[in-house]
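Asks: Each chain, letter by letter, is given below.
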Amino acid sequence: MALAIRRSTSEVYGAAKWFIRRDCRVLSTLPEKAVEVPVETKQERPAVSRIRASARNPNLALRHVYPEFLPDPNPKWRNSLREKLERIDMLNRRKQIDIPEFYVGSILAVTVADPHAQGKTNRFVGICIERKGAGLRAEFTLRNVVDHQGVEVRYDLYDPTVHSIQVLRLEKRLDEKLLYLRDALPEYSTFPFDMDPEILPDGTPVPVNPVQVKLKPRPWLERWERQELQGVSNIEEHLKEKDRVRRELRKEPWEKYDLMKQYRRTIPIEDQNDIWAEVNHQLKQLQLTRKKVSRKRTFGVPKTQLG
Amino acid sequence: MNQAEVSKLVSKLRINVPPTHRKLRSPKGPEGRIDKLRKTVTGLVKFERIELNYNRADEARQYTERLISEAIRHGDCHKPTMDTANFWLLEKELIHKLFKVLVPRYETSNSSYTRLINAPKPQYGRNIDKVVLELKGNPFPDLINNNTNNKLLIQNVLLDAAKQDYRQSKINEIAKNIGKTENAPLNESSKKPEAPEKPVES
Chain A
1 MALAIRRSTS
11 EVYGAAKWFI
21 RRDCRVLSTL
31 PEKAVEVPVE
41 TKQERPAVSR
51 IRASARNPNL
61 ALRHVYPEFL
71 PDPNPKWRNS
81 LREKLERIDM
91 LNRRKQIDIP
101 EFYVGSILAV
111 TVADPHAQGK
121 TNRFVGICIE
131 RKGAGLRAEF
141 TLRNVVDHQG
151 VEVRYDLYDP
161 TVHSIQVLRL
171 EKRLDEKLLY
181 LRDALPEYST
191 FPFDMDPEIL
201 PDGTPVPVNP
211 VQVKLKPRPW
221 LERWERQELQ
231 GVSNIEEHLK
241 EKDRVRRELR
251 KEPWEKYDLM
261 KQYRRTIPIE
271 DQNDIWAEVN
281 HQLKQLQLTR
291 KKVSRKRTFG
301 VPKTQLG
Chain B
1 MNQAEVSKLV
11 SKLRINVPPT
21 HRKLRSPKGP
31 EGRIDKLRKT
41 VTGLVKFERI
51 ELNYNRADEA
61 RQYTERLISE
71 AIRHGDCHKP
81 TMDTANFWLL
91 EKELIHKLFK
101 VLVPRYETSN
111 SSYTRLINAP
121 KPQYGRNIDK
131 VVLELKGNPF
141 PDLINNNTNN
151 KLLIQNVLLD
161 AAKQDYRQSK
171 INEIAKNIGK
181 TENAPLNESS
191 KKPEAPEKPV
201 ES
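From first to last, the protein sequence lines stand for chains A and B.
No gaps in the numbering here: position 164 of the first sequence is 164 in this note's numbering, and each next residue is one more.
No gaps in the numbering here: position 124 of the second sequence is 124 in this note's numbering, and each next residue is one more.
Errors might be hidden in some of the hints.
Derived Cβ-Cβ restraints for the label pairs, each shown as a range [unchecked claim]:
| id | chain 1 | residue 1 | chain 2 | residue 2 | range |
| --- | --- | --- | --- | --- | --- |
| 1 | B | Gly75 | A | His163 | 34 to 44 angstroms |
| 2 | B | Gly75 | A | Gly150 | 28 to 38 angstroms |
| 3 | B | His21 | A | Leu174 | 26 to 36 angstroms |
| 4 | B | His21 | A | Leu85 | 41 to 51 angstroms |
| 5 | A | Pro58 | B | Cys77 | 14 to 24 angstroms |
| 6 | B | Cys77 | A | Pro219 | 25 to 35 angstroms |
| 7 | A | His163 | B | Ser7 | 51 to 61 angstroms |
| 8 | A | Asn122 | B | Gly75 | 46 to 56 angstroms |
| 9 | A | Val208 | B | Cys77 | 18 to 28 angstroms |
| 10 | A | Thr289 | B | Lys28 | 55 to 65 angstroms |
If we take Cβ atoms under 7 angstroms as the criterion, some of the chain A residues that face chain B in the derived model are [stated by the list, open to error]:
| id | residue |
| --- | --- |
| 11 | Tyr66 |
| 12 | Gly150 |
| 13 | Pro205 |
| 14 | Val206 |
So, partial list: chain A residues that the calculated Cβ filter (under 7 angstroms) puts toward chain B [said to hold, decoys possible]:
| id | residue |
| --- | --- |
| 15 | Arg63 |
| 16 | His64 |
| 17 | Leu70 |
| 18 | Glu152 |
| 19 | Tyr263 |
| 20 | Thr266 |
| 21 | Ile269 |
Quick caveat, the hints were computed from the structure, so don't treat them as lab data.
Keep in mind it's a predicted model, so treat the numbers as computed, not measured.
Glycine included, C-beta positions come from ideal geometry on N, C-alpha and C.
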């Protein structure tokens, strides 16, 4: 009973309150107050530019490690079907042998089948002075000095006669091509054939070797003074006044602003994204299996030497 | 036997890029070519619509597109992009225009930033292709009018006038014939028997 009364009183009170308020509002000449709705300030999203979004793809970092997966930028030699087939072939080849990450300036040991002796192999150690070509035609050149004689061997990266490619020292140099080692003192391109591989800990960036070589006196194979080389120390010693004048005349300071020249030399981001999306998964798988294999090797049970 | 350069990343242009560059004739050689293109690019960014020869317009168009796409990608806090803009835009106030006006304008667009439209050639003289090169979204009236229903189009004005003329002439004809039609049935009835009868087929 008490409950009922309490409720009824409260209802009556509420009704009276409502009525009074209503009444007052009716009687008053003041306009009804507009209910203030808190205006939600819309957080304006920064306009998403396609160009910026596509450049943020993390797969693009693969281009430094696997540059040969990008096709030749010359549109006369582009063929999307051929490029795709080549990429499949390259991945298949990479399943057969371990083609490691290396750069111009790294020291490699390559073992190839000897064409003149059945079942035998040749091993060559040298510094990589040049990487060229795209797709299955990718190649690299190793240079070494053997018995005071400079030797260079050009290998195809995907050649089926290559048995193994081993990186003995993974590093970069200051220049994109080290062809000037041909005119440098032989000590800069001499590497022992029994070099032990130097192992870098996982996750470290590839070190850059800042060594500057000394060139032999002229004649040279190329006009090195005009190429703005970083890795040569004594180039000014061998120049005459005439060479310096001509170097000044031949300079092309506008070339670095030639936007279309840059464009024609590269594969645009959007095209690269398609390519890396296609091969990224398989490349990662290959890396994983290689790690597993290498771990097994390190922790393998030593075989008994008996019997 | 080339490998794609990987040190620089560029975003794809939305226009057709010919496989090689065009040589624009100049006594200064390649430097002169770049100078010519710098002038044209500056003019295009300044006036937003220019008329010029096809060869130079097509080359300058590619450079403008690249400049705008670089500006969109890197913004104005990127030193190399700023240097490039400084090189290509000869009037320095246009650098502000590039980053503050053109970049917001084209940021979200999915097509090219410029338009190349054929212009009429002079009837006599050297037969050189003339084109109009313009930035999209410029404040000028459209050059291509796709709206054929517009009453004020010169073709529509002429057609309307022709229709009006035709109608007027018809009305005049009818008005002339009003008087004649009253007498006509008489003449026709008198003439009719004279007309040769058609042979009846049996």
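Asks: Holds or violated: 34 to 44 angstroms for the Cβ distance of Gly75/B and His163/A?
Replies: Violated, since Gly75/B and His163/A (Cβ atoms, about 50 angstroms apart) do not stay within the stated range.
Asks: Under the criterion of a CB-CB separation shorter than 7 angstroms, is Glu152/A in contact with chain B as hinted?
Replies: Check failed: Cβ of Glu152/A comes no nearer than 17 angstroms to chain B, outside 7 angstroms.
Asks: Taking the closest Cβ pair, is Val206/A under 7 angstroms from chain B?
Replies: Where the cut-off is 7 angstroms and the nearest Cβ of chain B is about 14 angstroms from Val206/A, the hint is violated.
Asks: Is 14 to 24 angstroms respected by the C-beta to C-beta distance linking Pro58/A and Cys77/B?
Replies: Between Pro58/A and Cys77/B, where Cβ atoms are some 22 angstroms apart, the hint holds.
Asks: Can the hint on Ile269/A be confirmed by a CB-to-CB distance to chain B that is less than 7 angstroms?
Replies: This hint holds: Ile269/A lies near chain B, its Cβ roughly 5 angstroms from the closest one there, short of 7 angstroms.
Asks: For the restraint on Leu70/A, tell me whether the closest CB of chain B is nearer than 7 angstroms.
Replies: Result: holds, 4 angstroms to nearest chain B Cβ.
Asks: Kindly confirm whether 46 to 56 angstroms is satisfied by the beta carbon distance between Asn122/A and Gly75/B.
Replies: 53 angstroms, holds
Asks: Does the interface hint hold: is Thr266/A within less than 7 angstroms of chain B, judged Cβ to Cβ?
Replies: With a closest approach of 5 angstroms, the Thr266/A hint holds.
Asks: Can you tell me whether the CB distance of Cys77/B to Pro219/A sits inside 25 to 35 angstroms?
Replies: Check failed, 48 angstroms falls outside 25 to 35 angstroms.
Asks: Less than 7 angstroms between beta-carbons is the criterion; does His64/A satisfy it with respect to chain B?
Replies: 6 angstroms, holds
Asks: Gly150/A was flagged as interface toward chain B. Is the shortest Cβ-Cβ separation under 7 angstroms?
Replies: Violated, because the Cβ-Cβ distance from Gly150/A to chain B comes to roughly 23 angstroms (cut-off 7 angstroms).
Asks: Quick check on a hinted range of 18 to 28 angstroms for Val208/A and Cys77/B, using CB atoms only.
Replies: Since Val208/A and Cys77/B have Cβ atoms about 26 angstroms apart, the given range 18 to 28 angstroms holds.
In summary, the structure is inconsistent with hints 1, 2, 4, 6, 7, 11, 12, 13, 14 and 18 from the numbered list given earlier, while agreeing with the others.
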